[in-house]
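We have chain D already, so just place chain G on it with the hints.
Residues per chain are reported as follows:
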Amino acid sequence: MADVPVTAGDGVRRRDFLNVAAVSFAGVGAVAAISPLLVQMAPPADVLALSTTEVDISKVQSGQGIKTVWRKQPVFVRNLTDKEIAEANAVPLSELRDPQTLAERTKAGHTNWLITLGVCTHLGCVPLGIGEGENKGPYGGYFCPCHGSMYDTAARIRQGPAPKNLFVPDYNFTSPTTIMIGAKG
Amino acid sequence: MSFSWARPYDPKHPFMRWLDERLPLPRLVYGAIGGGYPVPRNLNYWWNFGVLAGLFLMIQIVTGITLAMWFYATNDGAFNSVEHIMRDVNAGWLLRYVHMNGASFFFLVTYIHIFRGLYYGSYKAPREMVWMLGLVIYLLMMATAFMGYVLPWGQMSFWGAQVITGFFGAIPVVGEPLRVWLLGGYAPDQAALTRFFSLHYLLPFVIAAVIILHIWALHIPGSSNPTGVDVRDEKDTLPFHPFYTAKDGWFAAAVLLAFALVVYFAPNALGHPDNYIPANPLATPPHIVPEWYFWPFYAILRSFTVDFVLPAKLWGVLAMFTSILLLFFLPWLDKGPVRSGSYRPMFKRFFWLLVVDVLILGYIGGAEITPFNIALGQFAAAYYFAHFLIILPLVSKYEQTLPLPKSITDSVLHGEEQESAPAGVKTGKKTTSVAS
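Chains as they are written, first to last, in this note's numbering: chain D, 1 to 185; chain G, 186 to 621.
Looking at chain D on its own, in the form it has when it is part of the complex:
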């Protein structure tokens, strides 16, 4: 026994190393065991499978809007009038909390089609203003009844607690009268 070195030069024993290694290994194993418990809470495949929705917009006249559903969330599709487009373009960007032009929020050649999520960026209520006769708020866009956020005709936040403009999802025009929400491009 006497010729077996019990400690290394810096005072760390082989047993200390073995203890640390064994406990670390068990720790890695514990983290690996917890991970399925955590990832199971993420959206399942059937929810992700609803990632695109095709919408026929041929019936939406100028000045009208429709409410549709994408990923279980409401989506506003609005056919802006020339007056509403002019109002949106007349606002200087410096006045906006989340500066974006109407052109940045629509597709080239389809600037009259404003497609946004119908989810207030404050706490997720559905704003009013898409349906016939609903309160559009003082800026002519949308008005959230929960905490009084007001959006303009480009669905940009103008007043109230919401931090961001209404979110513009990925979409493209598959034909002049059909859009595919959720599709890139």
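Derived from the structure by calculation, the hints contain no laboratory data. Note that beta-carbon positions come from the ideal geometry of N, C-alpha and C, so glycine has one too. Any given hint could be a false lead.
Stated by the list, open to error - Computed far set for chain G versus chain D, every beta-carbon distance over 10 Å: (1) Leu204; (2) Val274; (3) Leu544.
To be verified - Derived CB-CB ranges, DEER-like: (4) D:Ala42 x G:His269: 30 to 40 Å; (5) D:Ala103 x G:Glu553: 30 to 40 Å; (6) G:Pro452 x D:Lys164: 39 to 49 Å; (7) D:Phe173 x G:Val247: 57 to 67 Å; (8) G:Leu467 x D:Phe173: 21 to 31 Å; (9) D:Leu93 x G:Val359: 26 to 36 Å; (10) G:Val359 x D:Lys83: 52 to 62 Å; (11) G:Ala567 x D:Pro92: 50 to 60 Å; (12) G:His269 x D:Pro92: 53 to 63 Å; (13) G:Leu467 x D:Asp82: 22 to 32 Å; (14) D:Leu37 x G:Asp261: 24 to 34 Å; (15) G:Asp261 x D:Ala103: 40 to 50 Å.
Chain G alone, transformed into the frame defined by chain D:
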């Protein structure tokens, strides 16, 4: 438990002696809530509310287990299953109304219990751990109540879930993925409903476990009392059983009577009619409010309307969480050595101002948004933080406290002498003892 004169457990029956040697569970109960726990003799009725909170937790667990036998946690079945419980299940209407209003009463007695602790300085050394475990119980209660309110899947349930999980979306960078992970989707749906049901069933048992820790920590120094003076000898205490079991028992009966009046005659008075409309993910009710017991926090959340470095939404969420988390630091914010508010004239005034302030916040949280209400809510929210962060530290440093009684017995007995004296005769002892 903690005092040398606590009566030892001495089982008389041979079976109890046999059991005591093998599993001393009756000994544990005797020492915790029986004749073996000496309690200050001068507790007033404000000390009844802890036991009442435990009673309402029991009521919630018992009615909740029976309701779960009939509830379907599916997004197209939940609402109907609750209506089925209300209309067809035998005594289902009673079980559900008891569960619904039991939550409100649980919060009501817990709020009184918390404010009693605030007034009498129950959070001060050596009871800091009792106070902090109590706050943990309170946070768990809030999580449980929120998830329970989502289960009937009415309009308020759905939009409450949307708004509350929206808080997490306010966190920079990780907020939105975190929100989606918590909901198991992009909006509240089947995944959220099922997991809320699972956790709503689990958390009450976690609360029960933390209550055991809360009582354990309490029994190290023993209960506080209205004078805040430490127990000195056996004369200052009475055994918990039969004295406080009897007092708690009769008062619980009185509160249950009030509870029965609400359950039988005004079961929906504390609820919101919109929750009898099935959840509609495409239409938000015009006026979303949480249950009354969350109103003060909702008012703080809504007080932030202007961006300042961070977005207003993030400020609101931070302030709301901070309003509770800062209470964990209360034992170190109020360092005054005198515990009871009865001997702290300046503290007492500010305490009642805080009570009024929280009531105002509660009113604002449930009211419609008007410019006046927003301004009042902002003022009340600012005062709430000022109370704990500025006023309390200053008061505890500069206030002149009143002389404390020599002992608990001293504070009580002179009153008894006055009571037993012939009518109209002043013994005068009470005033001299306070002045000494």
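Each hint, compared with the structure:
1. With a minimum CB-CB distance of about 38 Å to chain D, Leu204 (chain G) clears the 10 Å threshold, and the non-interface call stands.
2. Taking the minimum C-beta to C-beta distance to chain D, about 31 Å, the non-interface status of Val274 (chain G) holds against the 10 Å cut.
3. The beta carbon of Leu544 (chain G) sits about 22 Å from the closest Cβ of chain D, which is more than 10 Å, so the claim that it is off the interface holds.
4. For the pair Ala42 (chain D) and His269 (chain G), the beta carbons lie near 32 Å from each other, so the given range of 30 to 40 Å is met.
5. Checked against the hint of 30 to 40 Å, the C-beta distance between Ala103 (chain D) and Glu553 (chain G) comes to roughly 38 Å, which is consistent with it.
6. Between Pro452 (chain G) and Lys164 (chain D), the C-beta spacing of about 41 Å keeps the proposed range 39 to 49 Å intact.
7. Checking the proposed 57 to 67 Å range against Phe173 (chain D) and Val247 (chain G) shows it holds: the Cβ atoms sit about 59 Å from each other.
8. Taken as a hint, the range 21 to 31 Å holds for the pair Leu467 (chain G) and Phe173 (chain D), whose Cβ atoms sit roughly 24 Å apart.
9. For the pair Leu93 (chain D) and Val359 (chain G), the beta carbons lie near 29 Å from each other, so the given range of 26 to 36 Å is met.
10. One distance hint, 52 to 62 Å for the beta-carbon pair Val359 (chain G) and Lys83 (chain D), is violated here, with the actual separation near 41 Å.
11. Separated by about 33 Å at the C-beta atoms, Ala567 (chain G) and Pro92 (chain D) break the suggested range of 50 to 60 Å.
12. Against the hinted window of 53 to 63 Å, the Cβ-Cβ separation of His269 (chain G) and Pro92 (chain D) comes to about 58 Å, which satisfies the hint.
13. At roughly 29 Å, the beta-carbon separation of Leu467 (chain G) and Asp82 (chain D) lies within the given 22 to 32 Å, and the hint holds.
14. For Leu37 (chain D) and Asp261 (chain G), the hinted distance range of 24 to 34 Å is satisfied, since their beta carbons lie about 27 Å from each other.
15. For Asp261 (chain G) and Ala103 (chain D), the hinted distance range of 40 to 50 Å is satisfied, since their beta carbons lie about 42 Å from each other.
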